[in-house]
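Trainee: Residue strings, one per chain:
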Amino acid sequence: MLEVKDLHVTVEDKVILKGLNLTINAGEVHAIMGPNGAGKSTLSAVIAGKDGYEVTQGTILFEGQDVLEMEIEERARAGLLLGFQYPIEIPGVKNIYLLKAALNAQRAARGEGEIPAPEFMKLVREKSTDMKMDPSFLQRAVNEGFSGGEKKRNEILQMLILQPKLAMLDEIDSGLDIDAMKVVADGVNSLRNADRAILLVTHYQRLLNHIVPDHVHVLVDGRIVKSGGKDLALELEERGYDWVLEESVA
Amino acid sequence: MSAPERFLERLTARRGGDPSWVAARRQAGAARFEAMGFPTRRDEQWKYTDVRRIAEGDFALATDAEFDSARFDEQRLDIDAYRLVLVDGLFSPALSELDGLPSGVSIEPLSQAIVANHEAVGGSLGRLAGVDFSPFTALNTAFADEGAIVRLASGTVVDKPIYVLLLSRANGQPVMSHPRILIEAGARAEATIIEHYSGESEAANFTNVVTEVLLDRGAIIDHYKLQEAALTDLHVASIHVDQGRDSRFNSYNMNLGGALVRTDLVTDLNGEGAEAAYNGLFFVQGRQHVDNHTLVNHNAPRTFSNENYKGVLDDRSRGVFNGKVFVKKDAQQIEAYQNNANLLLSDRAEIDTKPELVIYADDVKCSHGATTGQLDEDAVYALRSRGIDEPMARALLTLAFVGEVMDKVRLNVIAERVERAVAGRLPERFNLADLVETAEAIQEA
Ligand SMILES: Nc1ncnc2c1ncn2[C@@H]1O[C@H](COP(=O)(O)OP(=O)(O)OP(=O)(O)O)[C@@H](O)[C@H]1O
Ligand SMILES: [Mg+2]
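Chains W and X, in that order, are what the protein sequence lines are.
For the first sequence, the residue numbers in full-length UniProt numbering are 1 to 250.
For the second sequence, the residue numbers in full-length UniProt numbering are 1 to 445.
These aren't lab readings, by the way, just hints derived from the structure by calculation.
Idealized CB from N, CA, C, for every residue including glycine.
Check each hint, because a few of them may be wrong.
[Claimed, not checked] Cross-link-like lysine to aspartate or glutamate pairs, in silico, EDC-like; alpha carbons within 16 Å at most: (1) W:LYS50 <-> X:GLU377; (2) X:LYS160 <-> X:GLU190; (3) X:LYS160 <-> X:ASP43; (4) W:LYS50 <-> X:ASP378; (5) W:LYS50 <-> X:ASP376; (6) W:LYS50 <-> X:GLU390.
[What the hints assert, rightly or not] Far from chain X by the CB rule (all over 10 Å, computed), these chain W residues: (7) GLU73; (8) GLN158; (9) VAL183; (10) ASP186; (11) ARG223; (12) GLU246.
Please model the entire structure based on the sequences and the hints provided.
Mentor: This is the structure we're talking about:
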């Protein structure tokens, strides 16, 4: 589904990704871990299409399409969605408006008409209940005045409504209390199926207890230096990153 | 021949037959206009607005009020209202709909009021907008022979909006018009008044309008000015408001059209407890120039004013906002708030903004501020990252910017037109009716 090959990325003349390879197949959950500043958010942002990153080498293919040739919104409509580490506030734009505009954009790209209001209403009601979000959040401006945890739940609400093929979730667990973690994890797990894939960026095993990954990768200094199964995360939790580094240098 | 002389020469083309006191008033206006001449940028009030395009123009007076009926249906607001239509300054009985006025409401074209020697024409007209206010009010006084006289008896709550539509045609020879609008609201009368400027897209005329609004004690007037004239039209307007005790005046000044537009809005809060709300929005593009000068005079204690003007400027357009709040000595317990925020959609657009408070009393609550900025690119990205295309993302954020003002607009037909113009492409009102319903239904569930 997603194939990242030899990806080199520079931000403001600083080399961040240095030949990164990653393949994700439909049905899989991948977790990327690694020290602060390693380039995890950069990787997901480049895949999602954020401005300001220069790809100096390498390719990204999503279902065989050249992602780097696609506009940001085309990537999203094709089913590539990024849940942000720091979701921003958008004053004056109602949550419900964003959801409807986004969903209709996706439907239009598939050649479908706008979603009928009652159907949309039902969908939004259902999904916000799943995320334990009061309906009043729908009427508020996107993320404005939301707590850290509410912002994260709102990101997942968008995912539940837009049903991406590949959901990339950047530190979706940060700032969540224990109950919210469960709600978010349940939301993410509900997206899992044989046709979809999930890419999690996280620092903590805790999240991976709830969303059990098929593959765990360690990203250090712009490269994936080690990959393994779910047990690798446990080992990292116990031993930190130094041993991985030593092993990779050796 | 000087420019003022050239303009005044057109007076000879007017039909005569004014009552003597009207003729005298015209002469006073003409004399004052000739003495003042057109303003130049050396005048503090006209520092950022160059009126040479008007002064150097050659404008005749229209001789008929014909208007294509299919076009008319496109231009007019689709709204159930009492309607008075002027075409290039001349009254069109055919396009107007003034039947079935409820008792206590009178709406008349100025020409008829003059002929009938109507008491309003002799009494109130010109009381607020004398010939000294500006050269343009003087010029208007010299020429004004058409317009609308609206009078509401005490306690009259008008069931439908009163809609004055001023259309501008694409004439071979550009024309000028000097409409005069007078609104007199008796005690506790309530009405919504719409001044709508529109017309053919190639029109290049000069409209010089003066509006006077008198609110007796407890009267409530919602006043909409919707400027949608052609991007080649020239427009100068002044609106003068006198507010009695406990009266409320809500102004909605929505400017979308015109090549050169100058609007002065002046309110005198003369009675205790009077309140004025100024909601303004201007959206300019191409090489449009829009200048809003507003003034609130707090002349009485316990008066309240709240002003919020938002400007959205694209291309090489220019905007001017000059807002002044004046609090008289001894006018205590005043609240006055003023804000102007501008959004520049292009590097080459420009705005000059000057909010000003002049306060001679001590027991006052006042604030004012002005900001100018661009769209938040991170927000554009955030929306695009959800599949919303870039023009739509920018439209949404632009509407969000004007939302504070648009939320105040109570007439949906106007809100929709403004939002469509500003957003360029959203088909329905931003606060989409079905979404509102959706949200309410969700709330109830
Ligand atoms: N716009 C930018 N300008 C300059 N440096 C940047 C920019 N964006 C990212 N970087 C740098 O790139 C490096 C990688 O950042 P990135 O956000 O991808 O790290 P991360 O692995 O997600 O870290 P964390 O675990 O702390 O979230 C950091 O050193 C960061 O400072
Ligand atoms: Mg990060």
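Trainee: Of all the hints given earlier, name the ones this structure violates by number, lowest first.
Mentor: 3, 7, 8
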